[in-house]
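Can you make the complete structure from the sequences, with help from the hints?
Protein chains in written order, with the numbering used here: chain A, 1 to 309; chain B, 1 to 309; chain C, 1 to 309.
Derived from the structure by calculation, the hints contain no laboratory data. Heads up, a few of these hints could be off.
As the list claims (entries may be wrong) - Result set (DSS-like, lysine-lysine): computed pairs, CA atoms no more than 30 Å apart in a straight line: (1) B:218 to B:155; (2) C:37 to A:35; (3) C:37 to B:37; (4) C:7 to B:35.
Nothing here was measured: the structure is a model prediction, and the numbers come from that model.
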Amino acid sequence: MGNFKGKDILHGNQFSRKDIDGIINVASGFEKELKKKDSLTLLRGKILATLFFEPSTRTRLSFEAAMQRLGGGVIGLGSVESSSVAKGETLADTVRTVSQYADAIVIRHPRTGSAKEAADAVPIPVINAGDGTGQHPTQALLDIYTIKKELGSLKNLTISMVGDLKYGRTVHALAELLSLFQARLYFVSPLALRMPEEITSGLRAKGIEVIETEDMLKAASGSHLIYMTRIQKERFADLSEYEKVKGSYVLNKAFLDRLKKKITILHPLPRIDEISADVDDYPGAAYFRQMRNGVFVRMAVLAMIFGKA
Amino acid sequence: MGNFKGKDILHGNQFSRKDIDGIINVASGFEKELKKKDSLTLLRGKILATLFFEPSTRTRLSFEAAMQRLGGGVIGLGSVESSSVAKGETLADTVRTVSQYADAIVIRHPRTGSAKEAADAVPIPVINAGDGTGQHPTQALLDIYTIKKELGSLKNLTISMVGDLKYGRTVHALAELLSLFQARLYFVSPLALRMPEEITSGLRAKGIEVIETEDMLKAASGSHLIYMTRIQKERFADLSEYEKVKGSYVLNKAFLDRLKKKITILHPLPRIDEISADVDDYPGAAYFRQMRNGVFVRMAVLAMIFGKA
Amino acid sequence: MGNFKGKDILHGNQFSRKDIDGIINVASGFEKELKKKDSLTLLRGKILATLFFEPSTRTRLSFEAAMQRLGGGVIGLGSVESSSVAKGETLADTVRTVSQYADAIVIRHPRTGSAKEAADAVPIPVINAGDGTGQHPTQALLDIYTIKKELGSLKNLTISMVGDLKYGRTVHALAELLSLFQARLYFVSPLALRMPEEITSGLRAKGIEVIETEDMLKAASGSHLIYMTRIQKERFADLSEYEKVKGSYVLNKAFLDRLKKKITILHPLPRIDEISADVDDYPGAAYFRQMRNGVFVRMAVLAMIFGKA
Numbered sequence: 001m002g003n004f005k006g007k008d009i010l011h012g013n014q015f016s017r018k019d020i021d022g023i024i025n026v027a028s029g030f031e032k033e034l035k036k037k038d039s040l041t042l043l044r045g046k047i048l049a050t051l052f053f054e055p056s057t058r059t060r061l062s063f064e065a066a067m068q069r070l071g072g073g074v075i076g077l078g079s080v081e082s083s084s085v086a087k088g089e090t091l092a093d094t095v096r097t098v099s100q101y102a103d104a105i106v107i108r109h110p111r112t113g114s115a116k117e118a119a120d121a122v123p124i125p126v127i128n129a130g131d132g133t134g135q136h137p138t139q140a141l142l143d144i145y146t147i148k149k150e151l152g153s154l155k156n157l158t159i160s161m162v163g164d165l166k167y168g169r170t171v172h173a174l175a176e177l178l179s180l181f182q183a184r185l186y187f188v189s190p191l192a193l194r195m196p197e198e199i200t201s202g203l204r205a206k207g208i209e210v211i212e213t214e215d216m217l218k219a220a221s222g223s224h225l226i227y228m229t230r231i232q233k234e235r236f237a238d239l240s241e242y243e244k245v246k247g248s249y250v251l252n253k254a255f256l257d258r259l260k261k262k263i264t265i266l267h268p269l270p271r272i273d274e275i276s277a278d279v280d281d282y283p284g285a286a287y288f289r290q291m292r293n294g295v296f297v298r299m300a301v302l303a304m305i306f307g308k309a
Numbered sequence: 001m002g003n004f005k006g007k008d009i010l011h012g013n014q015f016s017r018k019d020i021d022g023i024i025n026v027a028s029g030f031e032k033e034l035k036k037k038d039s040l041t042l043l044r045g046k047i048l049a050t051l052f053f054e055p056s057t058r059t060r061l062s063f064e065a066a067m068q069r070l071g072g073g074v075i076g077l078g079s080v081e082s083s084s085v086a087k088g089e090t091l092a093d094t095v096r097t098v099s100q101y102a103d104a105i106v107i108r109h110p111r112t113g114s115a116k117e118a119a120d121a122v123p124i125p126v127i128n129a130g131d132g133t134g135q136h137p138t139q140a141l142l143d144i145y146t147i148k149k150e151l152g153s154l155k156n157l158t159i160s161m162v163g164d165l166k167y168g169r170t171v172h173a174l175a176e177l178l179s180l181f182q183a184r185l186y187f188v189s190p191l192a193l194r195m196p197e198e199i200t201s202g203l204r205a206k207g208i209e210v211i212e213t214e215d216m217l218k219a220a221s222g223s224h225l226i227y228m229t230r231i232q233k234e235r236f237a238d239l240s241e242y243e244k245v246k247g248s249y250v251l252n253k254a255f256l257d258r259l260k261k262k263i264t265i266l267h268p269l270p271r272i273d274e275i276s277a278d279v280d281d282y283p284g285a286a287y288f289r290q291m292r293n294g295v296f297v298r299m300a301v302l303a304m305i306f307g308k309a
Numbered sequence: 001m002g003n004f005k006g007k008d009i010l011h012g013n014q015f016s017r018k019d020i021d022g023i024i025n026v027a028s029g030f031e032k033e034l035k036k037k038d039s040l041t042l043l044r045g046k047i048l049a050t051l052f053f054e055p056s057t058r059t060r061l062s063f064e065a066a067m068q069r070l071g072g073g074v075i076g077l078g079s080v081e082s083s084s085v086a087k088g089e090t091l092a093d094t095v096r097t098v099s100q101y102a103d104a105i106v107i108r109h110p111r112t113g114s115a116k117e118a119a120d121a122v123p124i125p126v127i128n129a130g131d132g133t134g135q136h137p138t139q140a141l142l143d144i145y146t147i148k149k150e151l152g153s154l155k156n157l158t159i160s161m162v163g164d165l166k167y168g169r170t171v172h173a174l175a176e177l178l179s180l181f182q183a184r185l186y187f188v189s190p191l192a193l194r195m196p197e198e199i200t201s202g203l204r205a206k207g208i209e210v211i212e213t214e215d216m217l218k219a220a221s222g223s224h225l226i227y228m229t230r231i232q233k234e235r236f237a238d239l240s241e242y243e244k245v246k247g248s249y250v251l252n253k254a255f256l257d258r259l260k261k262k263i264t265i266l267h268p269l270p271r272i273d274e275i276s277a278d279v280d281d282y283p284g285a286a287y288f289r290q291m292r293n294g295v296f297v298r299m300a301v302l303a304m305i306f307g308k309a
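Here it is as C-alpha cells:
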C-alpha cells in the first residue's frame with residue numbers, strides 16, 4: 001500500500017489495487033479490534049473538521065463516529081451554518097481558516113471540483129465526501145469493503161448495478177474500482193438512465209465485460225451481487241415514463257422467490273421503495289451492514305492520512 | 001434493581017419501586033463521584049446518538065453532558081437536519097442506519113409511539129426522550145430524584161401539581177411514579193385543564209389519595225412540595241378564559257408570604273411567568289437544581305443500559 | 001498575572017498589562033506543548049457550553065478546538081436552536097439552565113450587555129464572545145498575541161488600523177489594549193467611518209500618539225503593522241460614496257510594491273476584497289496565522305478560568 005500520510009483523499013482513481021487491498025486490511029483490523037475493546041486511542045488529540053455545505057447527515061455521522069472511535073475529536077459546520085460562514089468568503093479562505101483549528105478536513109460541497117479546490121488551499125489532508133456529480137471516494141471504498149466481506153473475495157465476481165446509472169455517482173465510482181478486480185458487470189436501467197457511454201467504453205477498454213440490459217431478473221440470475229440505487233422522479237421530463245420504469249426495478253420477496261438462487265444485496269441508502277421491507281430479513285440483504293462498514297473504512301482512511309495505519 | 005443492560009427505556013411504568021430506588025442510588029453515586037474527581041471513564045469508547053426530530057435543546061444538552069461526564073462520545077442530529085435525513089425514509093430505516101454508527105440512541109419525536117417503533121427496529125438500546133403526548137421517562141425519574149434529594153425521603157409525602165394537568169406529559173408520568181410511594185396528591189388546575197379522569201381513577205384504584213381543587217393556596221398549605229407547570233395560551237378557545245386562570249396560578253413572593261410554611265418548588269422549565277423571579281432566591285426553589293439532577297439521572301440510565309451501573 | 005480562576009471574561013479593560021503578559025505566556029506555552037505532543041489533558045472531564053444566539057462559526061469552532069485540545073468536552077447551541085430555546089424564556093433562565101450541565105459558558109448574543117447579564121445570573125465562568133456592538137475580549141487578546149509573536153515585542157510599535165473604524169468592535173478593543181503598551185497609532189478611514197471621538201480622546205489622554213488620516217500608504221510607510229478591516233456597504237446611505245472609498249483601502253501586491261518596506265498584515269477575517277489574494281504569500285501576511293493563534297489564546301483563557309494555567 002502507498003503511504004497516505006498527509007495525503008488528500010479526493011478521487012477513487014487515486015487508489016491502486018494494492019492500496020485497496022491495504023485499506024481493506026486496515027479497516028478489517030479496526031473492525032476486529034472494536035469487538036475486543038471499547039476504546040481506541042490512535043488519534044487521541046487530533047481534531048477532524050466536518051464541512052458540510054449541503055446536508056448528508058449519514059456521511060457526516062459516519063465520519064464523526066469513525067473519528068471518535070479512534071479517540072479523536074470533531075468540530076463541524078452543518079449545512080445551515082456553512083452557508084453563513086461562506087457568505088461572501090471564498091471557499092479557499094473558509095478552509096484555510098478551518099485548517100488553523102483542525103488537523104484534517106472532510107468536505108461535502110454541491111460543486112464538482114470543490115474538494116480539490118479546498119485541498120489545494122491548505123497543507124492539511126482533505127477528504128472529499130461528495131462534490132456534486134463528482135467523487136465520493138470513501139463511499140466506493142466502503143462498497144468494495146462490503147463486497148469483499150460478504151462474498152469472501154473480490155475476484156471473478158459478476159455484479160449487477162440497477163436503477164439510475166446515468167446520474168448515480170456511487171455506481172460510477174464503484175464500477176471504476178471494480179474494474180481493478182476484473183469483475184463482470186451487468187448495468188440494469190431504463191434506457192433514459194443508462195450508464196454514460198464514456199464509462200462503459202472505458203471499462204471495456206480495460207478488458208471488463210459489460211452487459212447492458214433492462215431486465216433485472218436476467219442480470220440478477222447471473223450475478224453474485226446486486227447493487228440497487230434509487231430512481232429519482234425528478235430525472236424524468238415525462239412522469240408517465242417514470243411510473244413505468246419505477247415498477248420494473250423493485251427488489252422484493254416475490255422477485256427473490258423468482259430468482260431461485262442466493263444473492264447479496266447492497267444499496268447506498270436511503271431507499272424509498274426500490275427495496276421492499278420484506279427483503280430486510282433475507283440473509284443476503286447487506287445494506288445496513290454496509291452502513292456499519294462505512295465506519296471501519298473511514299477509520300482506516302483517517303488512520304492512514306494521519307500516518308497511523 | 002432489575003438488569004437494564006441492553007434494555008430500552010421507553011415508559012415510566014417499566015420501573016418497579018425497587019428499580020427507582022436503584023436508579024436513585026446510582027445517580028446519587030455519580031453525583032458524589034463528580035464532586036471528587038473531574039473525569040469518569042465508565043463509558044469511554046461508547047457513542048450515544050441523539051436523534052431530535054423536534055427541538056428540545058434542554059433535554060439534548062442534558063443527555064450530551066451526561067454521556068460526556070461518563071467519558072463517552074456523542075453524535076447527533078438537530079431538528080433541522082433530522083427532517084432532511086428522514087425525507088422519504090421510514091423512521092425504522094433512519095434508526096437502523098444510526099444504530100450502525102452508535103451504541104445507544106436517544107430519540108425525541110413528535111409522534112406518540114415513535115420511540116417504541118424505533119426501539120423495535122434496532123438491537124441497541126433506545127431511550128425515549130419524549131414521543132408526542134406519550135412518555136418522557138427520564139424526566140419523571142429526575143423529578144423523583146429531585147424530590148427524594150430535597151425532602152430526604154419519598155415516603156408519606158403530600159405533593160401539589162399545579163397548572164395544565166390535562167396536556168402535561170410531565171405531571172402524568174410523575175403522578176404514576178409517585179403512586180409507587182403512596183404519596184397524597186393535590187391536583188390544582190382550572191376546570192378546563194383537569195387531570196384526565198383515567199389517571200385520577202387509576203391512582204385511586206391503587207389506594208392513592210387524590211384531591212382535586214382550583215385553590216392553589218389550600219393545596220400548597222397541605223403539601224411538602226409544589227410542582228408548577230406552564231399553562232399554555234393556545235389550549236384555550238376563549239382567550240378571556242385564559243387571562244382569568246393564568247393569574248390564579250402564579251407562584252410569587254406574595255404567595256409564599258401568605259403560605260406561612262416552608263415548601264419545595266419544582267418546575268420542568270422553561271417557565272414563563274407562573275413562577276416569579278422574586279422566588280428564585282427562596283431556599284425551597286429547586287427548579288434549577290432539578291435541571292442539574294437530570295444529568296445525574298441520565299448518567300445512571302446510560303450506565304445501566306450499558307451494563308456498567 | 002491576576003488569578004482568573006472562576007472569573008468571567010467580559011471586557012478587554014479587565015486586563016492589566018501584567019495580565020496580558022501572563023496570558024501571552026500561557027498561550028505561548030500551549031503552542032509549544034502542542035508541537036511536542038498530540039494530546040493535552042488539563043481540562044479532561046470539564047464541559048464548555050457554547051451559546052451562540054447569532055452565527056459566528058469561526059469563533060465557535062475556535063473555542064471548540066481550544067477546549068478539545070485541552071482534553072475537555074463541548075456541548076452547544078447553534079444560532080438556529082438557540083432562538084428556539086430562548087422562546088419566551090429570559091436569557092438569565094437559559095444560562096442558569098445551561099450552567100447546570102456545563103462548567104463554563106461561551107456566549108455570543110446580538111444585544112450589548114447580554115454577556116454581563118448572563119454572567120450575573122450564574123456562578124460558573126462566562127466568556128463574552130461578542131455582545132452586539134460591545135466587547136469580544138478574546139479577539140483583542142488573540143490580536144495582541146499575534147502582534148507580539150510576529151514582531152517579537154509589544155513595545156514601541158507603530159500600528160495602522162484601516163477601514164471601518166467607526167463600527168469595528170475589533171479595532172476599538174485592540175486600540176484600548178495597545179494603549180497599555182504605548183503604541184503609536186494611525187487610524188486610516190474614510191471620514192464617514194472615523195474612529196469615535198471618545199476613543200481617540202481617551203487614548204490621547206493616556207499619552208498615546210494618535211494620527212488620523214485617509215492616506216493608507218502614508219500610514220503604512222510609518223508602521224510596523226497594518227490591521228485591515230472590512231468596509232461594509234450597508235453602512236453607507238450614498239452608494240456612490242461607498243464605491244469611492246472602497247477602492248482606496250485595498251491592500252494588494254501593487255500597494256506592497258509601492259510601500260518599499262516590510263510590513264506585517266492582520267485582518268480579523270472574513271475578508272471580502274480589502275486584501276487581495278495576491279498578498280497571501282507575502283511573508284508578512286499573518287491573517288491566517290492569526291486564526292490559529294486564536295486557539296492558543298482561547299486555550300489560555302479556558303485554562304485560566306478553570307484555575308489550571
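Given hint residue 155 of chain B paired with residue 218 of chain B - CA-CA distance at most 30 Å: Holds. Residue 218 of chain B to residue 155 of chain B sits at ~22 Å (cutoff 30 Å).
Residue 37 of chain C paired with residue 35 of chain A [C-alpha distance capped at 30 Å]: 28 Å, holds
Given hint residue 35 of chain B paired with residue 7 of chain C - CA-CA distance at most 30 Å: Within the cut-off at roughly 20 Å; holds.
Restraint check for residue 37 of chain C with residue 37 of chain B, where alpha carbons must lie at most 30 Å apart: 24 Å, holds
Every hint, counting from the list given before, is met by this structure.
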